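**Q** In order, the protein sequences belong to chains A and B.
Numbering of the first sequence is given in my numbering, commencing with residue 1407 and proceeding in unit increments.
Numbering of the second sequence is given in my numbering, commencing with residue 731 and proceeding in unit increments.
No lab work stands behind these hints: they were computed from the structure.
Owing to the predicted nature of the structure, the values given are computational and were not obtained by experimental measurement.
Hints are not guaranteed to be accurate.
Taking beta-carbon pairs under 10 Å as the criterion, some of the chain B residues facing chain A (in silico) [said to hold, decoys possible]:
(1) E744
(2) E748
(3) R752
(4) D786
(5) F821
The list that follows gives simulated cross-link-like pairs (lysine to aspartate or glutamate, DMTMM-like), each with its CA atoms no further than 25 Å apart [to be verified]:
(6) K754(B) - E774(B)
(7) K754(B) - D793(B)
(8) K1407(A) - E792(B)
(9) K808(B) - E741(B)
(10) K754(B) - E833(B)
(11) K808(B) - D787(B)
(12) K1407(A) - D786(B)
(13) K1474(A) - E774(B)
(14) K1407(A) - D832(B)
(15) K808(B) - E748(B)
(16) K798(B) - E748(B)
(17) K754(B) - D1445(A)
(18) K1448(A) - E813(B)
(19) K798(B) - E833(B)
(20) K1448(A) - E833(B)
(21) K754(B) - D787(B)
(22) K754(B) - D832(B)
(23) K1474(A) - E1421(A)
(24) K1407(A) - E748(B)
(25) K1448(A) - D760(B)
(26) K1448(A) - E1421(A)
(27) K1448(A) - D1490(A)
(28) K1407(A) - E813(B)
(29) K754(B) - D786(B)
(30) K1407(A) - D1433(A)
(31) K808(B) - E792(B)
(32) K1407(A) - D1490(A)
(33) K1407(A) - E741(B)
(34) K808(B) - E744(B)
(35) K1407(A) - D787(B)
(36) K1474(A) - E833(B)
(37) K1448(A) - E741(B)
(38) K1474(A) - D832(B)
(39) K1448(A) - D793(B)
(40) K1474(A) - E813(B)
Virtual Cβ for every residue (Gly too), placed ideally from N, Cα, C.
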Amino acid sequence: KQEVTQIPAALSVPEGENLVLNCSFTDSAIYNLQWFRQDPGKGLTSLLLIQSSQREQTSGRLNASLDKSSGRSTLYIAASQPGDSATYLCAVRPVNDGANNLFFGTGTRLTVIP
Amino acid sequence: DAGVIQSPRHEVTEMGQEVTLRCKPISGHDYLFWYRQTMMRGLELLIYFNNNVPIDDSGMPEDRFSAKMPNASFSTLKIQPSEPRDSAVYFCASSRTSGGRDEQYFGPGTRLTVT
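Throw the hints in and build the complete structure from the sequences for me.
**A** As structure tokens, this is what we get:
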């Protein structure tokens, strides 16, 4: 069964810093990987989706990379802002074991200090 | 589009009571998912539907949980009888097509507290 791990569990950085969040998964047979943002008490907002054939996706200050063979993805946030404070979750959609199921990591709680 | 709509946003009930959570997916989406989020287990898929038909309910924890999708724009997740360990945030999500290539869009969730 696919397992998804996110490190670190929590991260605090001063405003303006660039930062990287890590996601690893155990089975490289995936259709895609999705990064989400979750604000306290709120739902999940999709940030980026990377198909298995892609290496990276960019949206504004966010850049997500995917190395499927090594089972890793990173989310790079440039010039962090206090508004970026949230929990960031990655999720993979496996080819096997339920093609429409998403397996989630436990998230990284990011705090950007003004 | 209004996005995925869930109701109620918060539900507090006593143990043994029946609880019904509701979801309206994004129009045109043919997949609907119910997830549960807890501190201990994170986000877990409970069940998903394709074209209103339940496809995989292996994540449903017990017979106390049931889900229906009577039409393309409405789904319910019912817990009867509810127990304190059912306290969690329940999310509904929807997507279109199959093959795992489309994003899932999540609703705001229903925070359930069973006392």
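**Q** Decide, hint by hint, whether the structure agrees.
**A** Against the structure, the hints:
Taken as an interface hint, E744(B) does not check out: its beta carbon lies about 23 Å from the nearest beta carbon of chain A, beyond 10 Å. Given hint, E748(B) at the interface with chain A, is violated; its Cβ is 24 Å from that chain's nearest Cβ, farther than 10 Å. The beta carbon of R752(B) comes no nearer than 15 Å to any beta carbon in chain A, farther than 10 Å, and the hint placing it at the interface is violated. Residue-level restraint check for D786(B) holds (minimum Cβ-Cβ distance to chain A is 6 Å; threshold 10 Å).
Of the supplied interface hints, the one on F821(B) holds, with its beta-carbon coming within about 6 Å of a beta-carbon of chain A, less than 10 Å. With a C-alpha separation of about 20 Å, the suggested pair K754(B) and E774(B) falls inside the 25 Å cut-off, and the hint holds. Our distance criterion of 25 Å between C-alpha atoms is met by K754(B) and D793(B), whose separation comes to about 24 Å. Note on K1407(A) and E792(B): the hinted pairing holds, with a Cα-Cα distance of about 21 Å set against a maximum of 25 Å.
Distance hint between K808(B) and E741(B) is fulfilled; the C-alpha atoms sit about 13 Å from each other, no more than 25 Å. Taking the CA atoms of K754(B) and E833(B), the gap is near 17 Å; set against the 25 Å cutoff, the hint holds. A distance of roughly 13 Å separates the Cα atoms of K808(B) and D787(B); the hinted pair therefore holds under the 25 Å criterion. Of the supplied pair hints, the one linking K1407(A) and D786(B) holds, its CA atoms being roughly 16 Å apart against a limit of 25 Å.
For the given pair, K1474(A) sits about 23 Å from E774(B) by alpha-carbon distance, which is consistent with the 25 Å threshold. The hinted pair formed by K1407(A) and D832(B) meets the criterion: a straight-line CA distance of about 22 Å does not exceed 25 Å. Note on K808(B) and E748(B): the hinted pairing holds, with a Cα-Cα distance of about 7 Å set against a maximum of 25 Å. Between the alpha carbons of K798(B) and E748(B) the distance comes to roughly 15 Å, so the proposed pair stays at or under 25 Å and holds.
Between K754(B) and D1445(A) the alpha-carbon distance is near 21 Å, which keeps this suggested pair within the 25 Å criterion. Only pairs whose Cα atoms come within 25 Å are accepted, and K1448(A) paired with E813(B) is accepted, the gap being roughly 23 Å. Restraint check for K798(B) and E833(B): the C-alpha separation of about 22 Å stays at or below 25 Å, so the hint holds. Proposed proximity of K1448(A) and E833(B) is supported: the alpha carbons are some 18 Å apart, at most 25 Å.
For the hint linking K754(B) to D787(B), the alpha-carbon distance of about 19 Å falls within 25 Å, and the restraint holds. Between K754(B) and D832(B) the alpha-carbon distance is near 18 Å, which keeps this suggested pair within the 25 Å criterion. Straight-line distance between C-alpha atoms of K1474(A) and E1421(A) comes to about 31 Å, which puts the hinted pair past the 25 Å bound. Annotation: proposed proximity of K1407(A) to E748(B) is violated, straight-line Cα distance about 33 Å (limit 25 Å).
Restraint check: the Cα-Cα separation between K1448(A) and D760(B) comes to about 24 Å, which is no more than 25 Å; the hinted pair holds. Restraint check for K1448(A) and E1421(A): satisfied, since their Cα atoms lie roughly 23 Å apart, inside the 25 Å limit. With a CA separation close to 14 Å, the supplied pair K1448(A) and D1490(A) stays within the 25 Å bound. Proposed proximity of K1407(A) and E813(B) is contradicted: the alpha carbons are some 28 Å apart, above 25 Å.
Taking the CA atoms of K754(B) and D786(B), the gap is about 19 Å. The hint holds against a cut of 25 Å. Among the hinted pairs, K1407(A) with D1433(A) is consistent with the structure: their alpha-carbon atoms are about 8 Å apart, no more than 25 Å. For the suggested pair K808(B) and E792(B), the alpha carbons sit about 11 Å apart, so the restraint of at most 25 Å is met. Only pairs whose Cα atoms come within 25 Å are accepted, and K1407(A) paired with D1490(A) is rejected, the gap being roughly 32 Å.
Taken as a hint, the K1407(A) and E741(B) pair is broken in the structure, with Cα atoms around 33 Å apart against an allowance of 25 Å. Restraint check: the Cα-Cα separation between K808(B) and E744(B) comes to about 15 Å, which is no more than 25 Å; the hinted pair holds. Restraint check for K1407(A) and D787(B): the C-alpha separation of about 16 Å stays at or below 25 Å, so the hint holds. Annotation: proposed proximity of K1474(A) to E833(B) holds, straight-line Cα distance about 18 Å (limit 25 Å).
Between the alpha carbons of K1448(A) and E741(B) the distance comes to roughly 15 Å, so the proposed pair stays at or under 25 Å and holds. A threshold of 25 Å between alpha carbons decides the hint, and for K1474(A) with D832(B) the separation of about 18 Å falls inside it, so the pair holds. Using a Cα cut-off of 25 Å, the hinted pair K1448(A) and D793(B) is violated, with the two alpha carbons roughly 28 Å apart. Only pairs whose Cα atoms come within 25 Å are accepted, and K1474(A) paired with E813(B) is rejected, the gap being roughly 41 Å.
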